[in-house]
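Residue numbers (this note's numbering), protein chains in the order written: chain A, 1 to 115; chain B, 1 to 110.
Calculated directly from the structure, the hints in this document are not laboratory data. Be aware that a few hints might be false.
Mimicking DSS-like on lysine-lysine, the simulated pairs with C-alpha atoms at most 30 Å apart in a straight line are [stated by the list, open to error]:
| id | chain 1 | residue 1 | chain 2 | residue 2 |
| --- | --- | --- | --- | --- |
| 1 | B | K52 | A | K9 |
| 2 | A | K57 | B | K54 |
| 3 | A | K57 | A | K9 |
| 4 | B | K54 | B | K102 |
| 5 | B | K3 | B | K54 |
| 6 | B | K102 | B | K3 |
| 7 | B | K69 | B | K54 |
| 8 | A | K9 | B | K54 |
| 9 | B | K69 | B | K3 |
| 10 | A | K9 | B | K69 |
Owing to the predicted nature of the structure, the values given are computational and were not obtained by experimental measurement.
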Amino acid sequence: DSGVTQTPKHLITATGQRVTLRCSPRSGDLSVYWYQQSLDQGLQFLIHYYNGEERAKGNILERFSAQQFPDLHSELNLSSLELGDSALYFCASSGNLGQGSLEAFFGQGTRLTVV
Amino acid sequence: LAKTTQPISMDSYEGQEVNITCSHNNIATNDYITWYQQFPSQGPRFIIQGYKTKVTNEVASLFIPADRKSSTLSLPRVSLSDTAVYYCLVGEFSGYALNFGKGTSLLVTP
């Protein structure tokens, strides 16, 4: 158990809809990262938040947005869903931004299926 | 993070030692080398990290030559359960984007 909790585990929704994925980081971790992993694809970095502020953006679509709340949990909002958005979405957390560690802890993911 | 290059896939038999090499020619002075393991439909798991020479833990060893332009993850006596994707990351800290790339898909067979 990594200590990172993602909900829901599975989500099936129709095209055009909007969904919210939730992530609770490990206790004390200030950083939250979101990733998308489609079938046969590597992990695609979407966005990174640190203590409520956006720190880095990857290939995140304009239809997607995220935020990190004062209690450090984070939500990833996906709107106008398309079939191609079907994927595993992972959240990861890590501690402070200090040097010397690339260690992050991943949740079990949310499997999104768009039909 | 520095750009890394690693093989797309590798095969091994149970009980053998597996070495996965990662090239990172543009590694910076303050960069660390980190490896993750990912099983199907699970999130990646940190397995080992090093700066120079050799690091060993209960899961793997990491060999880093003096010039640090490459590194080798060594898995001793692999079992079927070591079948996974292994990612090499190089960077100073996790403060920005952790880009994983496609990793090396290791298949262990009987």
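Hint check:
no.: 1; hint: K52/B - K9/A; in the structure: violated (39 Å)
no.: 2; hint: K57/A - K54/B; in the structure: violated (33 Å)
no.: 3; hint: K57/A - K9/A; in the structure: holds (24 Å)
no.: 4; hint: K54/B - K102/B; in the structure: holds (25 Å)
no.: 5; hint: K3/B - K54/B; in the structure: holds (21 Å)
no.: 6; hint: K102/B - K3/B; in the structure: holds (12 Å)
no.: 7; hint: K69/B - K54/B; in the structure: holds (14 Å)
no.: 8; hint: K9/A - K54/B; in the structure: violated (38 Å)
no.: 9; hint: K69/B - K3/B; in the structure: holds (11 Å)
no.: 10; hint: K9/A - K69/B; in the structure: violated (39 Å)
When the structure is compared with the earlier hints, violations turn up for hints 1, 2, 8 and 10 and for no others.
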